[in-house]
Amino acid sequence: MSKSQIVIDVLLAIGALSSLVSSVAMLVMKDLYERLHYLFPPATLSVICFTAAVIVDKRLSQAGIKALLIMLALLALNSTLTHATARAARIRQFGRWVADATEVRGANDASTAGLNSRPLVDSAEEQP
Amino acid sequence: MNAWLLAALALILSLIPAAIVGFRGDPMDRLIGLEFASIITTLTLMLLAHGFQRIPFYDIALAAGLLSFGGGLVFIRFLERWL
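Protein chains in written order, with this note's numbering: chain A, 1 to 128; chain B, 1001 to 1083.
In case anyone wonders, no lab produced these hints; they're calculated from the structure. Warning: the hint list may mix true and false statements.
[Unchecked claim] List time: in silico SDA-like cross-link candidates among lysine to any residue, alpha-carbon distance up to 20 Å:
#1 A:Lys58 <-> B:Leu1034
#2 A:Lys30 <-> B:Leu1015
#3 A:Lys58 <-> B:Leu1015
#4 A:Lys30 <-> B:Trp1082
#5 A:Lys58 <-> B:Leu1005
#6 A:Lys30 <-> A:Ile65
#7 A:Lys30 <-> B:Ile1055
#8 A:Lys30 <-> B:Leu1034
#9 A:Lys58 <-> B:Ile1020
#10 A:Lys30 <-> B:Arg1024
#11 A:Lys30 <-> B:Gly1022
#12 A:Lys30 <-> B:Phe1023
#13 A:Lys58 <-> B:Ile1060
#14 A:Lys30 <-> B:Ile1016
#15 A:Lys58 <-> B:Asn1002
#16 A:Lys58 <-> B:Pro1056
[What the hints assert, rightly or not] Simulated coverage check for chain A against chain B, where a stretch passes if three residues somewhere in it have a Cβ under 8 Å from a Cβ of chain B:
#17 2 to 16
#18 21 to 28
#19 32 to 41
[Stated by the list, open to error] Partial pick of chain B residues on the chain A-facing surface, computed with a CB cut under 8 Å:
#20 Ala1007
#21 Ala1010
#22 Leu1011
#23 Ile1012
#24 Ala1018
#25 Gly1022
#26 Phe1023
#27 Glu1035
#28 Thr1042
#29 Leu1067
#30 Phe1069
#31 Gly1072
#32 Val1074
Glycine is no exception: its CB is placed at the ideal position from the N, C-alpha and C atoms.
The shape of chain A in the complex, shown without the other chains (with noise of 0.2 Å):
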C-alpha cells in the first residue's frame, strides 16, 4: 500500500467519521438551535477531506477540479442556509428578528450597554 494510499483512506475515513458522529449527535439533540450545529461538520470537516482525497488521488484532474467546485459550493450555501434556518426558526418563535431589549439584558436593567441599534426596542412603555 502506498503512502497516498494510506492518505486518502485517512481522509475518507475522517470524513466519513464526522458526517456518522454528527448525524448521530443531531438526533440525540433535543432543541432546533442545537440540532443546527451539527450540519456544519459534514459540509465543512466531511468534504475538506474527501475533496482533499481526490486530489490527491487524481491531482488537478477533471475529477479534482469538480470536488473542489463541489467544496467551494458546499461551503458557501450551506452557512447561508444555516443562518437562514436559525432567522426563520426564530421568526417562527418571537414573531421577529430583531431582539428585545429585555433579551438582551434583564428588564429592571437601564443602561444602554450592548445595544448597539435603538435601545428598547420594544419594550419601551415598561422603562421608567
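Based on the hints, put chain B in the right spot on chain A.
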C-alpha cells in the same frame, strides 16, 4: 469494494438518523433533517462517482448541492412566513 465505496456506505448509514429527525417533530426540526440529508446526499454522490470511476457523474453531485440550497431556501421562506 474499495475505500471510496465504503465511505459512501458510511454516509448512507448516516442518512438514517437524518430520516428519523425528518419524520418527526416540529416542521423546523424536519427541515434540519432534510438539509442534513441533502448535504450527505451530495457527498455520497461524489464518493460514488469516484468509487465507480465515473467522473462525469460528479456533475450530479454538484447539481444536487446547488439545487438543495435553492430548495432549502424555498422551504425556509414558506416556514418563516406562511406555514
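Which of the numbered hints above does this structure break? Result: hints 1, 3, 4, 6, 7, 9, 23, 25, 26, 29, 32 break, sorted rising.
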